[in-house]
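S.K.: Each chain is listed here by its residues.
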Amino acid sequence: MPLLDVNNISISFGGLAAVSGFSFHVEEGEIVSIIGPNGAGKTTVFNMLTGVYKPDAGSIKFDGVECNGLAPQEIVKLGIARTFQNIRLYKDMRVIENVIVGMHINQKYGFFDMLLRTKKFRTCEYESAKRAQQILEMVGLSQHTHDYAKNLPYGEQRKLEIARAIATSAKLLILDEPAAGMNTGESESLMHFIRTLKDKGFTILLIEHDMNVVMNISDRIYVLNYGKKIAEGLPEEIVSDPQVITAYLGVTKEGKDAAGD
Amino acid sequence: MKEKTMNLSNAFKSFLAFCDRWKAVIIPLLIAVAAILPQLGFSTYIIRLMCNILIYTSVGMALNLLVGYTGLVSLGNVAFFCIGAYTSAILTANCGWNFFATLPIVALTASLGGVMVGLPTLRLSGPFLSITALGFAEVIRLIAMNFMSLTNGPLGIRSIPRPNLFGLELNLFNKGFYYALLVLVLLITLFIYLLTNSKYGRALRAIKNDEIAAGLMGIRTGSYKVMAFVICSALSGIVGAFYASMIQYIEPNSFTQDNSILTLSVVVVGGMGTLRGPYLGAIILVLLPELLRGAEGLRFVIYGLALVLMMRFRPQGILGWKSPLPYKLPSPPRDAGKR
Ligand SMILES: Nc1ncnc2c1ncn2[C@@H]1O[C@H](COP(=O)(O)OP(=O)(O)O)[C@@H](O)[C@H]1O
Ligand SMILES: [Mg+2]
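So the sequences go chain by chain: A and B.
Residue numbers -18 to 242, in the numbering used here, belong to the letters of the first sequence in order.
Residue numbers 663 to 1001, in the numbering used here, belong to the letters of the second sequence in order.
No lab work stands behind these hints: they were computed from the structure.
Be aware that a few hints might be false.
[What the hints assert, rightly or not] Not the full set, but computed from the structure, chain B residues with beta-carbon under 7 Å of chain A:
no., residue
1, L691
2, A694
3, N871
4, L878
5, M879
[What the hints assert, rightly or not] Below, simulated SDA-like cross-link-like pairs (lysine to any residue); rule was C-alpha separation at most 20 Å, straight line:
no., chain 1, residue 1, chain 2, residue 2
6, A, K89, B, P977
7, A, K72, B, W983
8, A, K111, B, S993
9, A, K100, B, T883
10, A, K89, B, T858
11, B, K984, A, K209
12, A, K131, B, P986
13, A, K58, B, I874
14, B, K990, A, N49
15, B, K990, A, T99
16, A, K209, A, K101
17, A, K131, B, D872
18, B, K990, A, N132
19, A, K100, B, K984
20, A, K100, B, G863
21, A, K101, B, T858
22, B, K837, B, L711
23, A, K152, A, M(-18)
24, A, K35, B, T883
25, A, K131, B, N871
26, A, K131, B, K990
27, B, K990, A, R98
28, A, K58, B, S885
29, A, K100, B, P992
30, A, K111, B, Y989
31, A, K101, B, K990
32, A, K35, B, R785
33, A, K131, B, L987
34, A, K72, B, L987
35, A, K131, B, P977
36, A, K101, B, L856
37, B, K990, A, K209
38, A, K72, B, S985
39, A, K101, B, L711
Small disclaimer: the values here were computed from a predicted structure and weren't measured.
Where is the CB? At the ideal position from N, CA and C, for every residue including glycine.
Just chain B, with the same shape it has in the complex:
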């Protein structure tokens, strides 16, 4: 029995190593599949599910920067998602802005929230930080509930328009919305890739590994932690804006703690501190409830069981691992003169 699991885990390891080695082929292939998928005549219900997967991949990717790379476990990510959703919904539905024009404002308001959580948590660590973030999310939800003149309180905001690109409405029927989300998730992935493969990413990972040693090597740990919060919140806000535009009606209870937990699970199940983890995490966690529709009562039992098994057998997440391949050394910068 034990030997079998060993063999299985070794086989999986070689599979991951294979993927790593061939990523220059596999990644474009997967992107092509994702681009063709909606053209295969699926129902709107399936398209909506695929959009949901992309939404949770994107926001998982944002939270991963904080949780997976920097080691700051925030339990209140829905706060930024909510701020982004409301900012964009108010500007589009009430003020007639174009969806895309709202995104810079969304990034701004959401990252303001990020600073508000990030600054006081500089002196907190571990569970205290998690709880503070959780409390902040609840405060944001209560503001949405009670600031009637701005958010319309519990009645919520209706008829949120779809994104409009040069006169073309991006919706679920023409699949435009799906493609917008696909571009979004790829851009976020690229951004996180660029960031983490630089001194910034190294600083964040050093902080996760040993914050004191990071400070003693000259890393301004406080600024970097706030930076991680700001980036995570700005990106989460932008994803929230897309979410509002997808479901077209938001109210305070669209942004409960369930959303934070789901996003965190996407990161943990997929693999903390990896770029591919959130993709798999989102696929599993969005599809699982749909597959378990018949067994409503057992849903949470199965969730719980899945998480416990994860923690027992793969605490690093399904796709989390340490690559045995050599570290990729930077190639010399190209010079005009010599090659």
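For reference, chain A alone in the conformation it holds in the complex:
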């Protein structure tokens, strides 16, 4: 049974069918990418997976549980955490606090533990901060632990988003264009980092524009265009798929300029 099994999800905004009849699956331990021109509906798929939008039709099964219709909070608890294409950090909070917020669902103390500063409270807060430091170490942000999130350079902010998603203890990380705005060197190291995540047991679903990144790290790739799946397969199959070449690779430049995303 795949970890994530999505069947025929569709959603439209007004008259626009943003995603129609899209099916895909992700096996445990895989890195799967969704690519496609700007406006193809990739982010919308992520929004449906995380409960931001409710699909008009179709089913989303994670770990055997139907997620369609669940609130975002419940979906995080099941084990799906995400990052955002347009960075959404808690800007006025410290870097380490951003990560600790990610642990919110696993901090189990109650109101009276908080008021009385019980052992349970102190242990939980201590363990959380310690784990946050480990996660920051892991993503390479430990020198920024005490900084405010808004003062981080752009690339580091993207890493902090990944750190925050990891902090939720999710099994499946879904990353929306994590390399956007990074230079070649930075995206190379990000690619390396995503691989290490896979080695640590995370399953990863990725949206990415940087073809270099996608072709190098993906186990499988799905291609979306105008909300419809036009191809799926191994990276080498995708690069040679004529439909993909015309629909996506051929128009990348113009598509990008026109959408201005």
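Got chain A; can you put chain B with the ligands on it based on the hints?
M.R.: Chain B with the ligands only, in chain A's frame:
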């Protein structure tokens, strides 16, 4: 000119950093000063002013949780203040309850009001929420005005007794009332401190920063917003009860929108989302009108000017800032076995 203001703001920043570093000394010192102050032979007029400062610090502290920490700008905080004042006044003046015994009931009735504003505003944001809260405050004032049998309508409630602690009446002459308020403000401050330095406070600040991202990290944003409303309203109600007992006579027009605006200004001027802000905000906003007594006509001009200058030069509030000191990591929990 520009350089001068830069130097000034840098000097102020280092001053704040100094205060932060030495707070373990400065805070007890300030509390000691506040405790000794009323013993220096001031007139009752001055004692009353000091009590007013403590009242507005306390209620500012409560509203700060909502406005400063959670980012919900409520324009109708007087509603909860009013509910608290009436609940306590009716129970003490009409039913003969002890003041302190009324406080749990006060917290209950006021937080009921908090739920009533909090729930419908879950789907509202920004100015819509502010306006809804404002409308609610007006509804509460109209109820106080027209529910004759309970509130005595426009005639108000007279001879509200002072708090009585084991036979000792706490009033302005024996300064007992001042000390009661001092304990109140310190307890509220401690409570907000404990709350904000926990997952609860982090959740509230996450909501203020980015509500959608907060929800997607598993925070039940709706419940937390209602929680913030309930705590703010319960505390505001309790402060309102003290207020009624201080002025001893309340009527619906004791609770106009001016009160909400003043409380909000206390938070904004002092520094949103800080524990020290409401103290300074209340000192400034309670004392300013007294100092401007001679210039009645110019009072609002000066108020307006002060607020505009604030927004231009220190939008975060006078004491609002981001500490450059390292984040305080929690120390390991003490174990009986090892140290
Ligand atoms: N909330 C929304 N309301 C209306 N249209 C939307 C909304 N979200 C996405 N869309 C539309 O759906 C289409 C797909 O958008 P998106 O998923 O962001 O594309 P991608 O991430 O592939 O670039 C776009 O045409 C976009 O304008
Ligand atoms: Mg997108």
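S.K.: Which earlier hints can't be squared with this structure?
M.R.: 1, 2, 6, 9, 11, 14, 16, 19, 37, 39
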